[in-house]
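Student: The primary structure of each chain is shown beneath.
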Amino acid sequence: GAGVSQSPSNKVTEKGKDVELRCDPISGHTALYWYRQSLGQGLEFLIYFQGNSAPDKSGLPSDRFSAERTGGSVSTLTIQRTQQEDSAVYLCASSPRLAGGYEQYFGPGTRLTVT
Amino acid sequence: AQSVTQPDIHITVSEGASLELRCNYSYGATPYLFWYVQSPGQGLQLLLKYFSGDTLVQGIKGFEAEFKRSQSSFNLRKPSVHWSDAAEYFCAVKDQNRDDKIIFGKGTRLHILP
Chain A
6 GAGVSQSPSN
16 KVTEKGKDVE
26 LRCDPISGHT
36 ALYWYRQSLG
46 QGLEFLIYFQ
56 GNSAPDKSGL
66 PSDRFSAERT
76 GGSVSTLTIQ
86 RTQQEDSAVY
96 LCASSPRLAG
106 GYEQYFGPGT
116 RLTVT
Chain B
41 AQSVTQPDIH
51 ITVSEGASLE
61 LRCNYSYGAT
71 PYLFWYVQSP
81 GQGLQLLLKY
91 FSGDTLVQGI
101 KGFEAEFKRS
111 QSSFNLRKPS
121 VHWSDAAEYF
131 CAVKDQNRDD
141 KIIFGKGTRL
151 HILP
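Chains as they are written, first to last, in the working numbering: chain A, 6 to 120; chain B, 41 to 154.
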């Protein structure tokens with residue numbers, strides 16, 4: 006079946022511009038996660054959705070970052086007034102949250118470059 | 041705080057040689073453990089997982105991992121590596137207090153010599 010998809014795959018933007026990153030989770034997966042992966046670094050948790058609500062926003066690095074999820078499906082991560090330190094790969098993952106099914110399924114990521 | 045440690049940042053092995061990637065976790069009870077692989081330019085792919093039962097877990101691509109409670113370890117192994125196994129490998133554990141959170145190690149980058 007279809008996996009997690011993300012768009013765009015690459016985004017180059019100028020410092021100060023806003024960007025929107027999109028994630029389409031696996032159909033039926035109730036949980037959705039956003040992570041950031043900087044060059045040579047591990048995964049940095051950003052935000053988690055259960056359905057359309059975000060019970061954990063603790064990883065968002067600043068108020069320039071926001072995310073929403075609609076219809077329990079598609080999610081958008083928005084970065085306002087981008088800075089060079091925002092350059093990274095942004096990964097989305099979804100999880101069925103079934104009993105014993107705690108694993109997350111990842112999309113290919115969006116590589117964001119802020120110039 | 042709960043943590044996952046992958047002590048090796050880089051590992052280099054020759055094609056055809058055996059492989060063991062180390063992972064240690066801090067946890068009190070029986071953990072839920074995962075190994076993921078990330079090929080260049082790709083997202084993370086689940087290799088295998090351990091929840092309970094047999095402590096030797098088989099995964100995809102010929103990988104296996106063994107849960108050793110006494111050592112708080114969940115090392116990943118493969119008897120004979122292929123050039124296509126060159127990638128970054130992440131060990132992870134479910135947060136013991138939350139069903140919705142997985143804690144990832146910082147990863148081990150595997151290089152394969154021809």
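Among the clues, some could well be false.
Said to hold, decoys possible - Computed footprint of chain B on chain A, listed as stretches where at least three residues anywhere in the stretch have a Cβ under 8 Å from a Cβ of chain B:
1. 24 to 32
2. 76 to 87
3. 107 to 114
Said to hold, decoys possible - Subject to a maximum C-alpha distance of 16 Å in a straight line, what follows is the list of computed EDC-like cross-link-like pairs (lysine to aspartate or glutamate):
4. B:Lys141 / A:Glu108
5. B:Lys141 / A:Asp68
6. B:Lys101 / B:Asp139
7. B:Lys89 / A:Glu108
8. B:Lys141 / A:Asp61
9. B:Lys108 / B:Asp125
Derived from the structure by calculation, the hints contain no laboratory data.
Backbone N, C-alpha and C fix where the C-beta goes; we use that ideal spot for every residue, glycine too.
Student: Run every hint past the structure and note whether it holds.
Tutor: Hint-by-hint comparison with the structure:
no. : hint                : in the structure
1   : 24 to 32            : violated (count 0)
2   : 76 to 87            : violated (count 0)
3   : 107 to 114          : holds (count 8)
4   : B:Lys141 / A:Glu108 : holds, 9 Å
5   : B:Lys141 / A:Asp68  : violated, 22 Å
6   : B:Lys101 / B:Asp139 : violated, 28 Å
7   : B:Lys89 / A:Glu108  : holds, 8 Å
8   : B:Lys141 / A:Asp61  : holds, 10 Å
9   : B:Lys108 / B:Asp125 : violated, 24 Å
Against the hints set out earlier in the document, violations occur for numbers 1, 2, 5, 6, 9.
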